[in-house]
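There are 2 protein chains.
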Amino acid sequence: MWESEGVTAAADRPVLLDRPVCILGLGLIGGSLLRALHDDGGTAYGYNRSPDTVDAATSSGYQASGDLVATLQRAATDDAVIVLATPVTTIDALLPTIAEHAATCLLTDVISVKQAVAQSVSKHAAGMRYVGGHPMAGTSRSGWEATDPHLFSDAMWMVTTEDDTDADDWSTVASIARAVGAFVVPAAPDAHDRAVAAISHLPHLTAGATAAVGAGESDLALRLAAGSFRDGTRVAATAPALQRAMLEANGIALLNVLSETIDRLIAARDELRDQGTVEILVDDGHRARLAYDAIAGAAPAPITGVTIGAPGWAEELRRQAHQARVWLG
Amino acid sequence: MWESEGVTAAADRPVLLDRPVCILGLGLIGGSLLRALHDDGGTAYGYNRSPDTVDAATSSGYQASGDLVATLQRAATDDAVIVLATPVTTIDALLPTIAEHAATCLLTDVISVKQAVAQSVSKHAAGMRYVGGHPMAGTSRSGWEATDPHLFSDAMWMVTTEDDTDADDWSTVASIARAVGAFVVPAAPDAHDRAVAAISHLPHLTAGATAAVGAGESDLALRLAAGSFRDGTRVAATAPALQRAMLEANGIALLNVLSETIDRLIAARDELRDQGTVEILVDDGHRARLAYDAIAGAAPAPITGVTIGAPGWAEELRRQAHQARVWLG
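Quick note, the sequences are listed as chains A and B, same order.
The opening position of the first sequence corresponds to residue 886 in the numbering used here, with each subsequent residue numbered one higher.
The opening position of the second sequence corresponds to residue 886 in the numbering used here, with each subsequent residue numbered one higher.
Among the hints, erroneous ones may be present.
Which residues of chain A face chain B? A few of them, derived with a C-beta cut under 8 Å, are [unchecked claim]:
hint	residue
1	Pro-905
2	Asp-952
3	Leu-953
4	Val-954
5	Gly-1023
6	Pro-1088
7	Ala-1094
8	Ser-1103
9	Ala-1106
10	Ala-1130
11	Glu-1133
12	Val-1142
13	Thr-1162
14	Ala-1206
15	His-1207
16	Leu-1213
Hints are computed from structural coordinates only; laboratory data are not their basis.
Glycine included, every Cβ here is placed at the ideal spot set by N, Cα and C.
Isolated chain A (complex conformation):
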């Protein structure tokens, strides 16, 4: 899949994960993680509030339960890593129960913002060990029926990397990502939140605006719509509640990039009105897309020369990740 030589694809490098994993929430991300870990021979089990999802998962051969407390008690007994995979809006209510029944477990998550989750953990599960995570994978569909055990193959999985992050806990969370075929991208929570505001959350708003303007024009317009509209508006099809939970939890970073986007579009409108050209925006956009293609189209360069836990390890991981390098474990 990569255009240039480089590291072996992540999916080709199975990583043995010797810890059980307990996943809370079996939607697209949590359910796909359960399937990927289980299918690879790992011990993984999950909780979901909806009996339909639990039935669907268990009838497919996966371990799933609708009993949160029993699931957490099992995790505490197993010393499982607990993965929060529910919408960000639900975690304040979940965390006290987790802390009550599984306080000694290592906690991670797959939620698309990191500062807000870290604050919630500090407040509602104080004292628990926590290393945040965020796999950059998804589709516009949601729920168990959309799950895919290969969803994370060659995906980027951000793992929170701060100067006071515990090295063993970091390695454990990174190994979950590696076990399901993802590349690990170390980052600080604030840098992550700014990055995903720009490349994940903002595209939902530009897609939404583009879709709304197109549909507002006429059915003739929608009939004529082809690739540029289809691709440019795809993520607007995501369930609105999921989009809002994701975007609103990253409000400050999103405000910044949304304002920059508005400024660029206003400048383009003025240039078009006054000089009949859209040169600046088209050229900037083209250059930016080529920069993305250069990074996304090549095998990721590996982070090298770092021993997890050695002095300055976290800072060095972040420094190399800022050059678009990934941790291969």
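Put chain B on the given structure of chain A with help from the hints.
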């Protein structure tokens, strides 16, 4: 490919085209048209300014020439339909030569704006018969090497339909579209230009802005970028000169939809800043995308009850096309 029952796919309905077709410009669209017509057994030949393109086309077994006058003289002798398939910025220079050497031919085009082309034809090839066309197909790549004889299969092909359009000429242009597997969408030039501003030209600007903001954030951001960024910025990869030629030729209609987009994004920013929510834009975008999916995901309903040339035929075609129906010939 269609989710519901309905008309047979256009590609399954070969239409015999008994007229030669002369294509001026063998880039992505013109070259694909040459290949599609030729591969289907039709008589088609083309002109291109670049010797490399002519060599590439002829060495693949297609009839292509770098001699514009000789090509036009052949078209005049053949009574070929001439298809303008060069960038809109070049046609003012080409049209007088066409009018000089092939004045009796029927002229059409595959350019993405219709009012500007019609004005150029009136001015620089006055008296020639002309019916505009615009196939809604393409990729972000360009040139002969990107051509694909199946590019138009099941695509929408707009054909200019005005009250004074000649019925025989209209049928001839429509039959070219049908011969290469496209559906015919009748429309007036101004309605077409407004529609493509919304669903084809605007997405280039929102993609450009989204790409520029993402790349401006950090290489970490581009490393984390996944499907929403990749799809949402795809068309920004199109050659800038092609994007500018297309967008700037439709400036007035584009200004309108760009202004509406800016207004929607500003309203979303204010809502996010003041109330912490992006509900309105996310909901509007979601509803719009579902409306698009409903139209694009079903087999197009056919225009019925119209005899081309009967009183009111053009008006009735446009009326039904505004309900997202297509002409099947």
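* Asked: Hint numbers the structure violates, sorted upward?
  -> Of the numbered hints, 1, 2, 3, 4, 10, 16 do not hold.
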